[in-house]
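S.K.: Next come the chains, spelled out residue by residue.
Number of protein chains: 2
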Amino acid sequence: MWTARNSEGYEAPAALAVDTVLLTARAGDLLVLATQIDDGHRALPGGLVGAGESPEDTARRKLAEKTGVTDVYVEQLAAFANPGRDPRGWIPSIAHLALVPPDTKPRDPDAAWITARGRHRWAFDHHDIVRTALNRVEGKLWWSNVAVGILPASFPLSKARTVYEAIAHTHYDPATFARDLKATGLIEPTGETSAQGPGRPAALYRFTTRDPSWGAGRRKRMAT
Amino acid sequence: MWTARNSEGYEAPAALAVDTVLLTARAGDLLVLATQIDDGHRALPGGLVGAGESPEDTARRKLAEKTGVTDVYVEQLAAFANPGRDPRGWIPSIAHLALVPPDTKPRDPDAAWITARGRHRWAFDHHDIVRTALNRVEGKLWWSNVAVGILPASFPLSKARTVYEAIAHTHYDPATFARDLKATGLIEPTGETSAQGPGRPAALYRFTTRDPSWGAGRRKRMAT
DNA sequence: TAAATAGTGTCTATTAGACAATATTAG
DNA sequence: CTAATATTGTCTAATAGACACTATTTA
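Protein sequences, first through last, are from chains Y and C.
The first sequence begins at 1 in UniProt numbering and counts up one residue at a time.
The second sequence begins at 1 in UniProt numbering and counts up one residue at a time.
One should not assume that every hint holds.
Copies of the same chain are indistinguishable here, so a pair counts whether it falls within one copy or spans any two.
Straight line, CA to CA, 20 Å or less: simulated EDC-like cross-link-like pairs of lysine to aspartate or glutamate [stated by the list, open to error]:
hint, residue 1, residue 2
1, Lys159, Asp103
2, Lys140, Glu75
3, Lys220, Asp180
4, Lys140, Asp211
5, Lys159, Asp29
6, Lys159, Asp173
7, Lys159, Glu192
8, Lys182, Glu138
9, Lys220, Glu165
10, Lys182, Asp211
11, Lys182, Glu165
12, Lys140, Asp180
Calculated from the structure, these hints are not laboratory results.
Keep in mind it's a predicted model, so treat the numbers as computed, not measured.
Throw the hints in and build the complete structure from the sequences for me.
M.R.: Structure representation (structure tokens):
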């Protein structure tokens, strides 16, 4: 059991942690990166915030260590600091949400992509953290460019649609999807077209900005 | 400068803080409770999380001390933990949003209600925290029963409208407002009517639940 | 009755879901 | 040409803003 005491003589948190819900979408499924721990439970990748480090930097540093990915979409989710949440001691965790492209491979052999909405035996309070992350990403989907994290620099609308469907956990009519995504003003045509396999080649689009930003505020029905 | 070291020999946070953005609405204005500190800056009410205490409990405890109010609408906003945010040392803060009825009086003589959207000289990172709180409460207004925190147990629609207008920072057509608030399913008629002054007495309504809950998901334009 | 406040009805523009119809490619 | 995928167009239902009109009270 870790403990700490501050210079004023009071008990202090033993450390400050970061846990990250790293999401991607592949084949219509929303996936989360999880490590397997000894007792068979799943755990989120995370680490301890260093002195003088911002929690978001910690999250990015740990993600780079575990997946080699840099330039990731990261945002803070919430603080989880209920007493007893960490068996090591008083260690509040600042949970983060991150999104990466589907070809991202974990370096850590214990880490694997698992279905984000599947039933898993999560360690500690990680089930709550994952649920919070799913709510967040679903809620932001049509008002922000969160999907930037998963989609490549340029993409056809059909690709964007499978990502959006994985996140929203529903199906969109291709025509309606195209109309509505364009109407958000978040994307713009690159002028290029793709052409893989049979069928008419698709026009490629890119996000007008890849920095986290807020859309025009168009609503969209999620799965009920 | 406070410091702390944990039992493993590493530097640890000197303490865990809570800062609360306590809002109310009065006369069409959104107000926030602020204390005046020695150098003239404003600061949010807050305190340190005790060992074995949840941050939300800390927030409630401190609010009870400063305003005497119990049974407050409280939710977590976000963690603010950038290095250097607190001049006393490494002290992350978990910011909370709270809403109380407009007749709530501060006990602390240094604390006062000030306009939430006014220009004030906030101490530390409290300006960021207030801005985050305003975005949150505006964003949730029409999808949740946040206004429960400000409105009394039963109220006429005109009263609800002034509160909603203060939060959204815009004006609603009375007829449209009534139609749309009823359509959210968040409120129900009590069967009573009020009758103060001239004019037709207003039917009274109450929230179907006073626990934080999420509405039917109806959109509403906010001030641009 | 006049003034004041509460509540109802309706018109219109916007948005979203559904789906038919057309366009462009590979084989 | 046929199959496959992309894109356009259109119909309809729901929603939100605006505002005229009706209802009920006090003075």
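S.K.: Hints first: check each against the structure and report whether it holds.
M.R.: So, going through the hints one by one against the coordinates:
1. Lys159 x Asp103: Answer is within; shortest intra-copy Cα gap is 14 Å, inter-copy 54 Å.
2. Lys140 x Glu75: Classified as both: same-chain Cα gap 12 Å, cross-chain 19 Å, threshold 20 Å.
3. Lys220 x Asp180: both (9 Å within a copy, 19 Å between copies)
4. Lys140 x Asp211: For Lys140 and Asp211, the Cα distance is within 20 Å only inside one copy (14 Å; across copies 24 Å).
5. Lys159 x Asp29: within (13 Å within a copy, 46 Å between copies)
6. Lys159 x Asp173: This pair counts as within: shortest intra-copy Cα distance 13 Å, inter-copy 42 Å.
7. Lys159 x Glu192: within (15 Å within a copy, 55 Å between copies)
8. Lys182 x Glu138: within (19 Å within a copy, 26 Å between copies)
9. Lys220 x Glu165: Close inside one copy (11 Å), not across copies (25 Å); limit 20 Å.
10. Lys182 x Asp211: within (18 Å within a copy, 38 Å between copies)
11. Lys182 x Glu165: within (16 Å within a copy, 31 Å between copies)
12. Lys140 x Asp180: within (15 Å within a copy, 23 Å between copies)
Violated hints: none; the structure is consistent with every hint.
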